[in-house]
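Protein chains in written order, with the UniProt record's numbering: chain X, 1 to 670; chain Z, 1 to 670.
Hints are supplied without guarantee of correctness; some may be wrong.
One copy or any two copies: either way a pair holds, since identical chains are not told apart in the list.
Within a straight-line C-alpha distance of at most 25 Å, the following computed SDA-like cross-link-like pairs (lysine to any residue) qualify [what the hints assert, rightly or not]:
| no. | residue 1 | residue 2 |
| --- | --- | --- |
| 1 | Lys-62 | Met-329 |
| 2 | Lys-584 | Ala-140 |
| 3 | Lys-454 | Ala-501 |
| 4 | Lys-62 | Ser-385 |
| 5 | Lys-62 | Glu-337 |
| 6 | Lys-584 | Cys-324 |
| 7 | Lys-62 | Val-611 |
If you're looking for bench data, these hints aren't it; they were derived computationally from the structure. Quantities reported herein were computed from a predicted structural model and do not represent experimental measurements.
Protein chains: 2
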Amino acid sequence: MARIPFVTFLGFFSYIIRVCRASGTDIALDAKATLLHRIDSLNLLIYTCLLTLTVLTIWVFKHRRVSWLNETGLAVIYGLIVGAIIRYGGTTNEVTHIDAHPAPDSKYNLSVPPDMLWFHFPDKIQISSGEVPVPNKTYAYSFRGEIVNIEQNEIDLKATFDPEIFFNIILPPIIFHAGYCLKRKYFFRNLGAILTFAMVGTALSALVIGALMYGCVQLMPASLASSFTFLDTLYFGALISPTDPLTILAIFSQLKVDVNLYALIFGESVLNDAVALVLSGAIQNYEERYSNDGGFEITAFLGAIGDFIGIFSLSLLVGAFMGCLTALMTKFTHVREWPLLESSLFVLMSYAAFLIAEVCELTGVVAVLFCGICQAHYTYNNLSSDSRNRTKQLFELLNFLAENFIFTYIGVSMFTFPKHHFDPWFIIAGFITSTLGRAVNIYPLSFLLNLGRKPPIPMNFQHMLFFAGLRGAMSFALAIRNTVSEARQAMLTTTSLIVIATVVLQGGASTHALAYLRIPTGQGQSDENEALPYRDVRSPADIGFGLRNMDSTQPASCDRATEGPRNGGDKARLARLWGAVDSKLLKPLLTHARPPLTETLPAFLRPVARVLTTTHQYTQGDNTLRRTDSDSDLCIDEPQPVPTSIDPQQLWPGHVDTRISVEGITGSNI
Amino acid sequence: MARIPFVTFLGFFSYIIRVCRASGTDIALDAKATLLHRIDSLNLLIYTCLLTLTVLTIWVFKHRRVSWLNETGLAVIYGLIVGAIIRYGGTTNEVTHIDAHPAPDSKYNLSVPPDMLWFHFPDKIQISSGEVPVPNKTYAYSFRGEIVNIEQNEIDLKATFDPEIFFNIILPPIIFHAGYCLKRKYFFRNLGAILTFAMVGTALSALVIGALMYGCVQLMPASLASSFTFLDTLYFGALISPTDPLTILAIFSQLKVDVNLYALIFGESVLNDAVALVLSGAIQNYEERYSNDGGFEITAFLGAIGDFIGIFSLSLLVGAFMGCLTALMTKFTHVREWPLLESSLFVLMSYAAFLIAEVCELTGVVAVLFCGICQAHYTYNNLSSDSRNRTKQLFELLNFLAENFIFTYIGVSMFTFPKHHFDPWFIIAGFITSTLGRAVNIYPLSFLLNLGRKPPIPMNFQHMLFFAGLRGAMSFALAIRNTVSEARQAMLTTTSLIVIATVVLQGGASTHALAYLRIPTGQGQSDENEALPYRDVRSPADIGFGLRNMDSTQPASCDRATEGPRNGGDKARLARLWGAVDSKLLKPLLTHARPPLTETLPAFLRPVARVLTTTHQYTQGDNTLRRTDSDSDLCIDEPQPVPTSIDPQQLWPGHVDTRISVEGITGSNI
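Just chain X, same shape as in the assembly (with noise of 0.2 Å):
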């Protein structure tokens, strides 16, 4: 039917196509941009089908029970087996080069690559079907790398990626995520611990590292030592610091491991690794002052840690400033009444947190980690119920996507990016130290830890923490960002063959690690008042920073399980003080929650207040209040306790909404 006023014009086209004739260029450059879409599309295919393959045997892994391997190492191996294939079993891909050398004219002095060659293209070729000669055009081409093998060169369009996807498109949702589903009462309860870890123990764990590997460098032969400085090997001990939580947490909150080890290594490996990028980017500035001063390192030192504090709590400001805007316009307009609408702003909102932070030269995953807990703490409850399952279970999938497409993409790369360098002893040295510097990040630091802890951290949860040291998504995206010179390609091999190692044998190892330390699991045990060493500051229902219903001059009784080594009385001012800010102005302003700003502003603010408060609060009784309040902290809290009758290994499929707050973290184990 369709078919037959077709061909009714068959004849008249025939003919105009025969009067006519084409110059072969545009179609023939049609053709390699569809060819280079092919390529493209291939890369992507083998990694969604590496996806589904690995979603598939994590179903029936889940189904059957393997604790012996872990999603991630599924991941990676996936990853491994294919970029072997594709190595050695692939067909080449014919990319077409021509060797070119700088004009003769040209003057360009810098010690860099020049970002885009103009490319004369010569006249004297002429095209080989139109005849149109083409009239010396000129090309553009811009910079891609170095070649160092000239005949490895063609795999380089194989299966990989711009290492900016990784910062721009991977790790955002990652971090947001995390931010988004952080337990903020266990967190915040064992900040000062955490911040040791991650802050101090960080840095020393960078430092030790690129202080040990200086040494080795120099003691191997010459044509390695001479390629690394000693900014060189720092850089990688800031790159390899950052520990990956994913697969150990996973196996956490399968086994129901205590809530406060388990926030100890989550809220470590969420700080450290905004610690271990601002570090990096640190290192990276230090070295552009010591260039141009030429003497007086120290002022580029201080400089450095100037930097560092500097990005962080400036990276931390705009993270919170936009999760609070997002929390102002979700109250002040009636967006929610469309909830697509409420959605998409969410998820701009805290993309820009991002890109802000990013623009302005600070860290954006320090950004998007603080918006993502002011989003859960004060945006969540303003949201219509349509877009809180929306935004949770969005994000869940982007953040499990992400993820493994993160580790299939470290096992492939492994054998198909063109830029690896494989030199053992640099591996040798990168694998021994990166084991000590996360010895040297734990032990002495919980040593100082429990000098001033009430609830000291005993030796097995030590040992644990050091085995829960994999490395991750965050060290493989800084050591593949610049591959250019052959001591940061040594390095990204070293990287590479760590994360793997980690993520598949201590990953696999975990289960058995937990059982060889005696660590309590199950879900009975945050119940059972069994001597745990963090039993005492378990019972209380609104302590750490979950004061923020608190008064202010109600006893901080609880305050202790917060401080750290020392200062103990400052933090539990200072803790007060946040509680009654948070619940008297910043929680009456940026939602609906009462006691209205009315009610707790001072007089002479009032009509101030009185703009800012909303007819929902001044109406809502306490009960709506409460209900407000627990909703917020659904995908925070701990889940109400189930009846232990439940096996914990053998969860109730169906029962996810209680479980979110547990899982929703590693977002794998649904």
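Assemble the complex: chain X is given as a structure, and chain Z must be docked to it using the hints.
Chain Z only, in chain X's frame:
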């Protein structure tokens, strides 16, 4: 507290730093990578802010019931404003470049520029800070495009993206969402008309526009005339022919316009995107064959038609196959116990359909469209309720963001994309011919259709179909794919202008057009029995394609409506056959629907049937079947009749569940 141990090793650190020297190259390259990252982030931030602004303005417009400007128009206008600011107000990014020439001994005689340059960095240049001279390094540069205007080229990095992003990232979710939320009942009821408009009409329109444009170009100044061949203008015809339903349909579903008119416009625009894409591919292939043969064009022409039919149907098969495979996976595994895994599988399989088609040189858009239809028809029934929600909401959100992004980008790129070529004659000719092309698409074909169609398409519907010929995402994506030659650049400019003009002006006027053409609107009209042309086919519950539960012996009283102009009897028999196959074979095989295969398959296939039937299918009653089926149509069918007392313009905001069927399609007015 966290600072104190940090300070203790300050001295050690500063000592270490003093004993080592750093070579500047790596760090400088790091800094360069950071700069490029910041530019990327800034570009993304611009679009994120634009989208946020659009979302907020949409909300305000919805809140205040503004009808003279629609949301896509808004996105375009904001894009234009920001594009102008970037173009004329922004600072230029410093991109270093150097002129290059081919190596004297290089042999390279293709008509197209090479993919890569291997640039030999001159060894006479010394590094400014370090001591190590660079030993004659070679860097790789990849092809970016032609430099036409040397002064303008630094704008290249401003707020532009690789066109591949549209085809790999932006289009798939939009098209999949269209398929996933297609109202199958009305779509298949009007299949004849939709296919005629989409297949024949688009080809006709492309040919008419191509021929007229070729004529116009010949009348223009010689410089332009020589750069266009007939195939170029035919390609322009193909890319400007597809229509974009977004704006019109948003208004339609807000005003509750006749569902059959809705189905005609939506169905046509979904399919003509696919047809235009395949057609433009066929034109490219034609050219390749033509240049190889040199003579006898009719072979090449028939080859192109073969291409067109083959690619379209193979893509359809790939998509349907992946959809059915997902259905089988979700039916026969228990992956539904982990909704996150299930949703991931769903997303990955759907994206794989797109990618497989692209890799096989088929058309991913067609594949993903039919994959979406199959996912809605089969897989959706097997999903857990969590996954149903999650996938629906996910694609709704992605669709909304992707659509608004592409329209914003069209606006911004009008100013910032460096490869525009403004040629007033070509632009005027483009506007006139594209209008004529749309007229040729609608009026003659409607006349032919009305010869055999029982409820004819009335003139006011025809005018509305003509008026709904807005151009959008697909035209733009095709136009921006290749902008190397001047002819293609003129096409891009013209296409952008046509898209902007139709979306802003026609889109804004469409409410008035509906009123002017006296097209019935309002929620009540689908329940009223007034003399609407489609009234007689609207009452029965299971007609057209909805007859999947119909017995094959039952008389097909309603199939008149699905007929095209001719061969009505065949059509009815085909539809009946398909309905029987679907309800007796495919549904029981791919979902848990009853009757089970054991009852429908012939006796000798019983053992196979028993393997393919789940316990669930045996045990469930007919009630369950009904419920499952109505679930499957949740996002496909008409909403349940809502009390007519509700003013259609004043939708009850919280009442989303029943409205998702109508408004989910445009994804923009909830």
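So, going through the hints one by one against the coordinates:
1. Lys-62 <-> Met-329: Between copies only: 16 Å across, 42 Å inside.
2. Lys-584 <-> Ala-140: neither (59 Å within a copy, 59 Å between copies)
3. Lys-454 <-> Ala-501: Neither. Shortest intra-copy (36 Å) and inter-copy (70 Å) distances fail the 25 Å Cα cut-off.
4. Lys-62 <-> Ser-385: between (30 Å within a copy, 20 Å between copies)
5. Lys-62 <-> Glu-337: between (39 Å within a copy, 10 Å between copies)
6. Lys-584 <-> Cys-324: within (15 Å within a copy, 56 Å between copies)
7. Lys-62 <-> Val-611: Close across copies (24 Å), not inside one copy (53 Å); limit 25 Å.
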